[in-house]
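Peer 1: Take a look at the letters that make up each chain.
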Amino acid sequence: MRPEVIKEVTYVPYSGNMAAAEAMRQINPDVVAAYPITPQTELMQFFADFVANGLVDTEYIPVESEHSAMSACVGAAAAGARAMTATAGPGLAYMWEVLGIASGMRLPVVMTVVNRALSAPINIHGDQSDMMGARDQGWIMLFSENAEEQYDNLIQAIKIAEDERTRLPVMVGMDGFVVSHAIDRVRLLPDRAVEEFVGENKPMYSLLDVDNPVTHGAVAMTDSYMEFKRQQREAMLHAYKVIREVGEAFADVFGKKYEHIETYKTDDADYILIIIGSTAGTAKAVIDKVREKGVKVGLIKIRTFRPFPYYDVMDAIAASNCKAIGVFDRAETFGGAAGPLFGEVATAMFLRNKHYPMIDFIYGLGGRDTNVNHIEEAIDKVMKLAAGEEIPLVNYLNLRE
Amino acid sequence: MAEVKTAEIKLPPLKKLTNYPEKLAPGHRLCAGCGASIIIRQMYMVANALGYELIWANATGCVEVCTSIYPYTSWKSPWIHSAFENAAATIAGVEAAYKALKRKGKLPTDKKVKFVALGGDGGTYDIGFQSLSGALERGHDFIYVCYDNEAYMNTGIQRSSATPKYANTTTQPVGSESLGKPQHKKWMPEVAAAHGIPYVAQAAPSHWKDFMEKFKKALLTEGPSFINVFSVCPRGWRSKEEEGILVTKLAVETNYWPLFEVENGKWRITYRPKNPKPIEEFLKLQGRFKHLFKPGMESKIKELQDEVNRRWEWLNKLEQLSREV
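In order, the protein sequences belong to chains C and Y. Residue numbers are given in our numbering: position 400 of the first sequence equals residue 400, and the series is strictly consecutive. Position in the second sequence (first residue = 1) + 1000 = our numbering.
The hints are simulated quantities; they were obtained by calculation from the structure and are not laboratory data. Misleading hints may appear alongside valid ones.
Keeping only pairs whose Cα atoms sit at most 30 Å apart, straight-line, the calculated DSBU-like set for lysine-lysine is [to be verified]:
hint, chain 1, residue 1, chain 2, residue 2
1, C, Lys7, Y, Lys1104
2, C, Lys202, Y, Lys1076
3, C, Lys7, Y, Lys1102
4, C, Lys202, Y, Lys1106
5, Y, Lys1112, C, Lys202
6, C, Lys202, Y, Lys1102
7, C, Lys7, Y, Lys1106
As the structure is a prediction and not an experimental result, all values here were calculated from the model.
With the sequences and hints as input, model every part of the structure.
Peer 2: Following this line, the structure appears as structure tokens:
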């Protein structure tokens, strides 16, 4: 039996990569196949150390590319193993074809994505264009604000992915460098408690069951292909419920609740910011600051991006005094009206048949700094919008113009 | 490198081999005269005789699309198709899962299993080359079998790096300014052998006993094996459906497709035609080389013959050299 390392709840100074690797150690997956890529590299280095020192009994495959990393995860998961990997930016792009295979085959692979910009020009720093680009590949997508959330989200992701109602792969994103490499206070859970929480993987079919052979990844012609895709949509609808249930179960055991969205001071808010990832943390500090001056701002942080929690977002907005909304997009949608998150929130309004003035902020591309001043500047624009001033639909934060 | 101790394990006689239950079910949609299904059945005969269950990863290609059309399947073995270029990486994941679950005591099976990745020349020589190279280098316990029909036959006879020089293909067709594919075929088994894996072989279903012995060795080898098998494609080669095995035989008898193996670094030619036939014998049965038989094309045929001779000489030298090392 592998040694028990963490016996009780412990608080540590950890980076996001360290926290994610620690979660993987505690999950003890059957197979991990991964390729190093900045800023994910040190995550896999930490995990490789665990393998080298017998702290996990994982079969670890240091593959020759991300394409093969995901392919090996597909093979392993189809064989009934719990398979995990991690990647970043271009690595996720290189996996793209196989992402759809994992979800199309309904294989519960779980992966950390250390969010990073895409070429060209080449840039190794953080933004979310990688996951936004992989948005429609049928994966459940969670985002983390900080290292502890990455850790907690990965543990929950296993249960979400393997639930009989979903059987879908999950990717959990954290912002490159600002979360992956910055040291933060992280609450680690006891090994055995995590082991118990994630439980046993109970695959429905296995390639290793030679007595009951299955054909995985068959050809589906025009007479059946659409039905498979329809079922994937259904699985995503189930995932919405499963994510909520797993979040509640996590709260029951570990005392910290995760929902599809996190609201911060929205109840009485006149202005609402909607943000994914680490910048939500900065925004909370700015909100505290401007509220001292009497400006009532609230925040909706998106944790679940796929399936997108349209009604949760709209209910939170409707419950506030919202006069205008500022959406923060850390990815571009070239040729689109505004960023990808803006599009989702606009859809949410359509679904509730409610309209609020809303503008978009493109920020932090390729690791560009977004500090308190930039968020204050954004709040200022949202206030002007509420006051009836004409503000451009798309606004850039910290852009040299 | 693990020693392959195969001599004492004998395959049963042909009559017994053919009596095992079929595990590639009839009713698949491969073309009449296709070499690939014959190859797969010969592999099964060996696995059945030695009591192995095969677990397959199939690259996208003729075999994959013709055997797995939902809601049917021709496979009475566990089988997975993931993409065109990743059969080796996919089987690596399956094999890793096997090791992990065995170790954790979660796999209560004492059955002998072997992992097989199957791809055409496109999925092996070209687009799947990277994942194949990676899996061979990492030393997974699996057999990679390439059924080499010398072009992308599944999508309609487009050239691959396995296509021989002067073959007529749809992406490098014969025309007033072109004699078909301008380059010679890639020597893939040599590339596989350069990975230093325990077993590499080239085989042909016409010489079934030779192929079966080779597949037997691969089955009994711990670690990666690579077998390149000549696979007639009547549709793409414009050859007669009923002449597939004849064309295959001529490929071997002309030394166009030498039969050899590389066992723990030792090269060995496993069949030497007594009187090698001229390359024309092989070429003339196939419409893809029709233009080479027009007047004035003699030098092109000679060029192909020279390449065959050069390769044969090179293989002989490798055999001799590796014996001395």
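Peer 1: Now, for every hint given, state plainly whether the structure supports it.
Peer 2: Against the structure, the hints:
At roughly 22 Å between alpha-carbon atoms, Lys7 (chain C) and Lys1104 (chain Y) fall within 30 Å of each other, so this suggested pair holds. Using a Cα cut-off of 30 Å, the hinted pair Lys202 (chain C) and Lys1076 (chain Y) holds, with the two alpha carbons roughly 23 Å apart. Restraint check: the Cα-Cα separation between Lys7 (chain C) and Lys1102 (chain Y) comes to about 27 Å, which is no more than 30 Å; the hinted pair holds. A C-alpha spacing of about 11 Å is found between Lys202 (chain C) and Lys1106 (chain Y), which places the hinted pair at or below 30 Å, so the restraint holds.
Restraint check: the Cα-Cα separation between Lys1112 (chain Y) and Lys202 (chain C) comes to about 23 Å, which is no more than 30 Å; the hinted pair holds. This hinted pair checks out: Lys202 (chain C) and Lys1102 (chain Y) have alpha carbons roughly 16 Å apart, not beyond 30 Å. Only pairs whose Cα atoms come within 30 Å are accepted, and Lys7 (chain C) paired with Lys1106 (chain Y) is accepted, the gap being roughly 25 Å.
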